[in-house]
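Asker: Top line first, the protein sequences correspond to chains Z and B.
Read in our numbering, the first sequence has 62 at position 62, and its numbers run on one by one without any break.
Our numbering runs 1000 ahead of the 1-based position in the second sequence.
Hints were generated in silico from the structure; no laboratory data involved.
Glycine included, each C-beta is placed from N, C-alpha and C at the ideal position.
Don't take every hint at face value.
Said to hold, decoys possible - One-sided and incomplete, this derived list gives chain Z residues near chain B with beta-carbon spacing under 7 Å:
id	residue
1	13
2	24
3	31
4	32
5	37
6	48
7	60
8	66
What the hints assert, rightly or not - Restraint ranges, calculated between C-beta atoms of paired labels, are given here:
id	chain 1	residue 1	chain 2	residue 2	range
9	B	1056	Z	71	45 to 53 Å
10	B	1456	Z	71	50 to 58 Å
11	Z	2	B	1537	17 to 25 Å
12	Z	55	B	1131	40 to 48 Å
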Amino acid sequence: MKKTYKIDVDCANCASLMEDEAKKTSGVKDAVVNFMTLKMKVEFDDGVEPREVMERVRENCKRVEKDCEIFL
Amino acid sequence: MNDKQKKNLARIIIAAALLIALNFVETAGVTRFIFYLVPYLIVGYDILLKAFHGLKNLRALDESLLMTIATVGAFALAIHDDGDYNEAIAVMLFYQIGEWFQSYAVGRSRKNISELMDIRPDFANIETDDGLEQVDPDEVEVGTIIVVQPGEKIPIDGVIVDGNSTLNTVALTGESLPREVSTGDEVISGCINLNGVLKIRTTKEFDESTASKILELVEDASSRKSKSENFITKFARIYTPAVVICAALLAIVPPIFTGDWGTWIYRALIFLVISCPCALVISIPLSFFAGIGGASRDGILIKGSNFLETLAEVKTVVMDKTGTLTQGSFDVDAVHSKNLNFDAEKLLHLAAHVERYSTHPIANSLRKAYPHEHDDCTVDNVEEIAGRGIRATINGQVVCVGNEKFMTDVGAQAVHCHKVGTVIHVAVDGQYAGHVVISDAIKPHAKESVTDMKNSGVEKIFMLTGDSEKIASKVAAELGIENYRSELLPADKVTEFEKILSASNGKVAFVGDGINDAPVLSRADVGIAMGALGSDAAIEAADVVLMDDDPLKISRAIKISRKCLAIVKQNIVFAIGVKFACLILGAIGIANMWAAIFADVGVMILAVLNSIRTLVVPKTN
């Protein structure tokens, strides 16, 4: 399953850090962050609850980039 | 400007003003230090906090941390040396100016580009008992009747059930000529209804409608990263650690021998200021995003940054003839009467009658050329003879319409025609009457497009067609195309294309109408589909989609991509060049902190400004 989320982040480098973090989060099969459109496209593993996974993704992203936000 | 940007701008201005003012105040010692600390903290407190946060999470190469080390280090050196804190504060100040500018510029271009693609409809009108009700287009089910008022966007694809109007399709196709529509016509979402009220029965859901699809496509496009972007990501990953290691070595190794610690630590701090890869990391995706956005305003949808990049490297363009270079609809070119009893008018009249029931494109064109076909003539015994033509009895006379073989069969002596095209012979009661020449007209801008492509560096242009050698050579000559392959069956097109592909050294693009050449489209380095508006299959198969069928868009797409890539290359060379130059000059003590600030912030601002140039689509001359 794929879902797109709106995000907010200030710099392109931070956006790619977010992408790396999202990819590492368990339950995420793949993630692409598009800094230009401020969107995160997440492909989830089968049988996971996207909302729960995204909470974790947000937590991980906030750890690397304090100012970022993912709108769930 | 958003609130965050306003706040940061205020901080920058206050800190800068304070810093200038402090230079006119005579202070010394601890008071001086505390005075200068104020503007530093105003402009840099968030960076210090971020650095601390990064340190806590063991992120050694965090940009904020590097900036903090650089500025705190400069402060420490200043205390030690002469008490000139200007440099330390300036580094932080300019770093923040750079960050602010980047955020502002990216925000602006983001807004500009989304305005260009302003085709997202906000609502749909549904008729209810108490008048019109505005609803979210997402909630409209297939088959609902929606009402579109003048000035509104059509929200969902559908068929007009009532009303006439003209539509502005410029946001979708880049074509400024309005389109006339009336009851029974299919309309696509994203067009603007100019004058009449239209009632439309929706045929798709909102998500599946053209406007939504196009938006999704353009937004996704910048997620498909190009080679340049991947290169920069990799480069940034190595660059920052490498520069930081160099800085550490520079601060420790030489002073062991010379003992001049202050000088070498200063030089190491210069390295830290230059260590941020921002200019590259931001300007490259921005260039691609702007290029894709600018192209989409022109009705050229590029499905990924990677395709934009390949398109810029195209050396060979292979084009399908019918539907791409020519109209794809046949028109009567000439009527030659060869029998005194039948003038041109009468000849066309008879031919049109015979073809009354046929759906062949040739029959359509004959009927189109003779619009009053449904008169009171009697048309009986219509009989189609495969590979020959059609025979019918008209007002008691047996009329045969078909090719030369058919004429021989019925005992009529066909006369050759000097004109190139499809020649339809007519015989009446076994007597040869004359012939009609039908040809596929070349599109108005086809020649211009070919010339344009050659001028912008395309080395070879091929034309593929299923038509006869004679027609192919005529069209190729008229358009100035040297290479063509004729009389190809659909399967031959793929093999012929593969031959061209393996023989060419650069990238090869294929341009087709996207309907029956999907296999070739997918085989090409870049597949370009034309006139694809509303055809999902074509949009699916191609890498670049031209929304209308103007051949000029082909050369335009190539030009846009070349300009975009040129800017990307300029930015890469410029940013890396300046950074390396400053690193070397800094290491040997020629460049000071101010040069480092330029290498960091100045380069970034210039690179971002340069990438915004991509938005300006080159004019066709």
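Asker: Hints first: check each against the structure and report whether it holds.
Answerer: Okay, the hints, checked on the actual structure:
Because the beta carbon of residue 13 of chain Z sits about 5 Å from the nearest beta carbon in chain B, less than 7 Å, this interface hint is met. For residue 24 of chain Z, the suggested interface contact is broken, since its CB lies about 14 Å from the closest CB of chain B, more than 7 Å. Given hint, residue 31 of chain Z at the interface with chain B, is violated; its Cβ is 11 Å from that chain's nearest Cβ, farther than 7 Å. Annotation: interface hint on residue 32 of chain Z holds; nearest CB of chain B at approximately 5 Å, less than 7 Å.
Using the Cβ-Cβ criterion of 7 Å, the hint placing residue 37 of chain Z at the interface with chain B is satisfied: the shortest such distance is roughly 5 Å. This hint is violated: residue 48 of chain Z has a C-beta 22 Å from the nearest C-beta of chain B, more than the 7 Å allowed. At a threshold of 7 Å, the smallest CB-CB gap from residue 60 of chain Z to chain B is about 10 Å, leaving the interface hint violated. Restraint check, residue 66 of chain Z versus chain B: the minimum CB separation of about 5 Å is within 7 Å; hint holds.
In this structure the supplied range 45 to 53 Å is violated for residue 1056 of chain B paired with residue 71 of chain Z, their Cβ-Cβ distance being about 26 Å. Distance hint check for residue 1456 of chain B and residue 71 of chain Z: the Cβ-Cβ separation is about 43 Å, which falls outside the suggested range of 50 to 58 Å. Look at residue 2 of chain Z against residue 1537 of chain B: about 22 Å separates their beta carbons, and that is inside 17 to 25 Å. A hinted range of 40 to 48 Å for the beta carbons of residue 55 of chain Z and residue 1131 of chain B is consistent with their spacing of about 44 Å.
Hints 2, 3, 6, 7, 9 and 10, counting from the list given before, are not met by this structure.
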